[in-house]
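If you want the building blocks of each chain, they are given just below.
Protein chains: 2
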Amino acid sequence: MIFRKTAILGVGLLGGSLALAMREKGLTAEISGFGRSAENLEQARAKGIIDSCHPGDPAGAAAGADLVVFATGVSAFGQIARAIKGSLKAGSIQTDVGSLKGGLVYELEEMLPRFVGCHPIAGGERSGVGAATGRLFEGSKCIIARTGKSDPKAVEALEGLWRAVGCRTMFMDPLFHDEVYALVSHLPHLVAYALVNTVGEADGDLIDFAGKGFRDSTRIAMSAPEIWRDICRMNGKNILRFADAFKKQLERLEDLIGGPEDAEALEREFDSARRLRRRLENEDNQ
Amino acid sequence: MIFRKTAILGVGLLGGSLALAMREKGLTAEISGFGRSAENLEQARAKGIIDSCHPGDPAGAAAGADLVVFATGVSAFGQIARAIKGSLKAGSIQTDVGSLKGGLVYELEEMLPRFVGCHPIAGGERSGVGAATGRLFEGSKCIIARTGKSDPKAVEALEGLWRAVGCRTMFMDPLFHDEVYALVSHLPHLVAYALVNTVGEADGDLIDFAGKGFRDSTRIAMSAPEIWRDICRMNGKNILRFADAFKKQLERLEDLIGGPEDAEALEREFDSARRLRRRLENEDNQ
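Residue numbers (our numbering), protein chains in the order written: chain A, 226 to 511; chain B, 226 to 511.
Simulated from the structure, these hints should not be mistaken for lab results.
Incorrect hints may have been included.
[As the list claims (entries may be wrong)] Covered, in the sense of this in silico footprint (three residues per stretch, anywhere, with C-beta under 8 Å from a C-beta of chain B), are these stretches of chain A:
id: 1; stretch: 261–275
id: 2; stretch: 403–412
id: 3; stretch: 426–434
id: 4; stretch: 464–475
Source: prediction; values computed, not measured.
Note that beta-carbon positions come from the ideal geometry of N, C-alpha and C, so glycine has one too.
Whole structure, please, built from the sequences with the hints as guidance.
Structure follows, in structure tokens:
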């Protein structure tokens, strides 16, 4: 057992799945849960995901915990950190599972004694504790956003935790993390939302003619709007930069489609995308 | 048995899969194959997908066939139609499995006695006869692009064929088909290619940090470049129109991310996309 008591702040897909995985692997003996909704927490307790419910009371959930996991939407982290910082057990470790690291990690490590930001690359378009599963993290990457101020023992313990639930861990600078994920995650979400809205604007009923390609390419447009609203606002600068780069790439293709016959150039563009994308197929992890 | 002899012109994923499905369901007794590459045809024969090989000789493959299926890239259809039209068996039916209907259907029904264009919505990013499977069409839609000139008996026979291999058939005007699929298939392909190239331009190695969301949303960027080059060129006008509409939707989101705080409006945009996209999850077909 790595942590006697664990506090899950936000018992949704990620928080609930981590709780289940930690139980299944014997990594913790007791789990407390915080959330806005008493009903959601009771549902999680009924399912055996958490042992105690602390609706609206993150400090109550965090009290006595050896590990405190921020698993709400990222926009709530600052407020929760202020609420719990006086109630933390000495020697406890704090972490999160959010999609943004950047300034957030620096802000939280100022407030909390042993905070190390983490980002398991798992979850997708599902949300809510009803979708939680102890196997969610198996085969996923998990970024540990270590900084110069990170406590080495906390880093080591978290590395052990994520590996134990099935992740491949890697270290990344928090600010670089937000650039990378603006490119490989936040921009694709924005594009998927825009693609579906393009169909909606033309004639929503036409979506019924879509095949597997459209389904796959827009699956992430089913991601929780409030979560993605916050990610987009908080990482806006990086996202807008890559959205511009994306539009330039799209316009390159449009020029080759509409311009004078140069079928070879268009095929070369498609081929370079195919070759790069295929790299992900050779990964053994998903 | 619906057709004694079937000619598959182009033995790749779609042609090969149709051949396998027809054999498995007892819909044909003999299958001839045409293609550019003798090696590919021999591979298909060795696997029991076709019975006879006619490399470079579509007329030889079509001779004596009761059903002739165009399954090469769409840009080759015109030339193949000219090559086979003198060798068709009286009463034979001609069809295709291409992603474009529009002008192509009108062109082919001028040249061939009983041509009816079809488009099974199946295949995705895979290609080549090595990926062929008799189950490819199960649960897919198949568009039958019937026109005022379509032979009713041919339409009926093709409807029976596609249903027998597992499709839900629907009728659609050929020109309308090309608008619809520019929106729900061709544009998403273009977007997926552009997304991957955006990563490639920034730093291709960053693709290794991508998670399931990126993988799903760019899977179709592995589609065969030469096939998609032809589709994009031949359906360029429709695709460019929807690419413009898509860029406007994307820019709406960008404005809401970068502009003055209006988190609710951004969330509403995401939510409308989510609600429309969820319609596809309620389908029972895939």
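Against the structure, the hints come out as follows:
{"no.": "1", "hint": "261–275", "in the structure": "violated (count 0)"}
{"no.": "2", "hint": "403–412", "in the structure": "holds (count 6)"}
{"no.": "3", "hint": "426–434", "in the structure": "holds (count 7)"}
{"no.": "4", "hint": "464–475", "in the structure": "holds (count 9)"}
Checked against the numbered hints above, the structure breaks only hint 1 and satisfies the rest.
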